[in-house]
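Protein sequence lines, in the order shown, are assigned to chains A and B. Each residue of the first sequence is one higher than the one before, starting from 1 at the first, in the numbering used here. Each residue of the second sequence is one higher than the one before, starting from 1001 at the first, in the numbering used here.
FYI, nobody ran anything at the bench for these hints, they're computed from the structure. Heads up, none of these hints are tricks.
If we take Cβ atoms under 8 Å as the criterion, some of the chain B residues that face chain A in the derived model are:
no. : residue
1   : 1121
2   : 1122
3   : 1127
4   : 1131
5   : 1133
So these bits of chain B aren't anywhere near chain A, every CB distance computed over 10 Å:
no. : residue
6   : 1006
7   : 1015
8   : 1062
9   : 1065
10  : 1073
11  : 1077
12  : 1081
13  : 1116
14  : 1212
15  : 1235
16  : 1240
In this text, a Cβ means the ideal position worked out from N, Cα and C, and glycines have one as well.
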Amino acid sequence: MSYFIYIVSSLCLVTLQTALIPRLGFVGHFFDLLLPWVIYLAAFRPVHEALPFVVFMGALMDNLSGGPFGLFLTSYVWLYIAVRLAATVVRAENAMVLVLIIIAAVVFQNTFFFMAINMALGGGHTTGEVIRVVSEQIGWVLLTGPLIALGMRQAKRLTSRRTRKVVESQAATHVG
Amino acid sequence: MFSKKTVLILVGILLVTVNVILLAITTRRPPAAGIGRVMMAFAAPFQGLATRTANAVEGAWRDYFFLVSVSQQNQQLKQQLGQAVQGNVQQHELELENSRLRELLGFKRSLPGPAIAAQIIGKDPSAWFKTVIIDKGQTDGVQRGLPVVTFHGVVGQIVEAASHQSRLLLIIDRNSAADALVQRTRARGIVKGTSRDECYLDYVMHEDDVRVGDRVVSSGFDGVFPKGLLMGTVTTVNFQGSDFFKEVRITPAVDFKRLEEVLIILKPPPPAPRVPPDRR
Chain A
1 MSYFIYIVSS LCLVTLQTAL IPRLGFVGHF FDLLLPWVIY LAAFRPVHEA
51 LPFVVFMGAL MDNLSGGPFG LFLTSYVWLY IAVRLAATVV RAENAMVLVL
101 IIIAAVVFQN TFFFMAINMA LGGGHTTGEV IRVVSEQIGW VLLTGPLIAL
151 GMRQAKRLTS RRTRKVVESQ AATHVG
Chain B
1001 MFSKKTVLIL VGILLVTVNV ILLAITTRRP PAAGIGRVMM AFAAPFQGLA
1051 TRTANAVEGA WRDYFFLVSV SQQNQQLKQQ LGQAVQGNVQ QHELELENSR
1101 LRELLGFKRS LPGPAIAAQI IGKDPSAWFK TVIIDKGQTD GVQRGLPVVT
1151 FHGVVGQIVE AASHQSRLLL IIDRNSAADA LVQRTRARGI VKGTSRDECY
1201 LDYVMHEDDV RVGDRVVSSG FDGVFPKGLL MGTVTTVNFQ GSDFFKEVRI
1251 TPAVDFKRLE EVLIILKPPP PAPRVPPDRR
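With the rest of the complex left out, here is chain A (with noise of 0.2 Å):
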């Protein structure tokens, strides 16, 4: 059940990213919307549940896009493990810790294929255009990140919910 709520939830995200939001034309560079995704798995579902999805979602990503395969594989792949070690010093519930994670994420993202770019095919991107489209990305986190650190925290509570209740009704069965 969890998975199929991923999958419908990450091609929602695909398709609005690839097919909706270029046609706004007053966005210019929006950021990447499964790297809030990849933060909340990292941060709040645990390794078995969450790392599969994750690598499917580089995946499907590295198939969409006309970059090199595993680019966006091994950036997810990166960040899963980045967000996961920083949870355990960070308190990641915090909203605004989560719109901070966030945008160092699309820091990290865009970093890592502009080098990623450079090794592979040489030159072509100046520094300057890089920090155009980075802080483009990042304005729109500022502007979009806090809603989607509130429905973060709303879906990690919901799921908690859930699980305290499946465990309360296994101990139940078992007690009776």
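Chain A is fixed; fit chain B onto it per the hints.
Just chain B now, with coordinates in the frame of chain A:
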């Protein structure tokens, strides 16, 4: 002396006479003079209050009873207006699409081989690559390597074909390269993408005559794009005396931000004959 009846008659005649005289006097005076003005000033506030109250009650009464029907009518009109606006937008959109498709159709007839129209259904999720997904695939005869064009010029080539969709590499992607000619002077070069909204015309010899505003067209030598399709216009030409090649930047003929429909040329033309060695 007088009978009671006579007195009554005389008093009656006197009253009528006085009344006539008073009426005659008052008709010659201004209407609100004297005591009349005082009375009017006294009555006016009450009249006003009464009138306002009556108006208010009447208004409330009327509004109350009419409000429901007006509100319903308003809702209906809003719905009708919304539908009309929506219809208008859709009609305008269809007109624009029709116009673009007519252009494509006209252009399709001028192409050397059969071609099919396709619609762009998705763009690259990354800001660093310039590819798009189109709604035609192998079942429509689309294969890897086929050239894609529009009425305005060269768009790119198919790099991956699924059964019903294909990925199209735009000429502005840094992985794209196509053989090209400067139309005016026939100077040759390779149009390479930059992943920005411009391309480079690489390998243009330093002695070749290339100027800002020159049109760059496909040469047909690469075996992908038919000869003579517009690729872009030269915007800058840089040349250091010691360089072997000129640095030429071109603005693509196609506005990739507004690209919605494209034509896939199903059977690429055979490569054009090579340029004689004495040309260069």
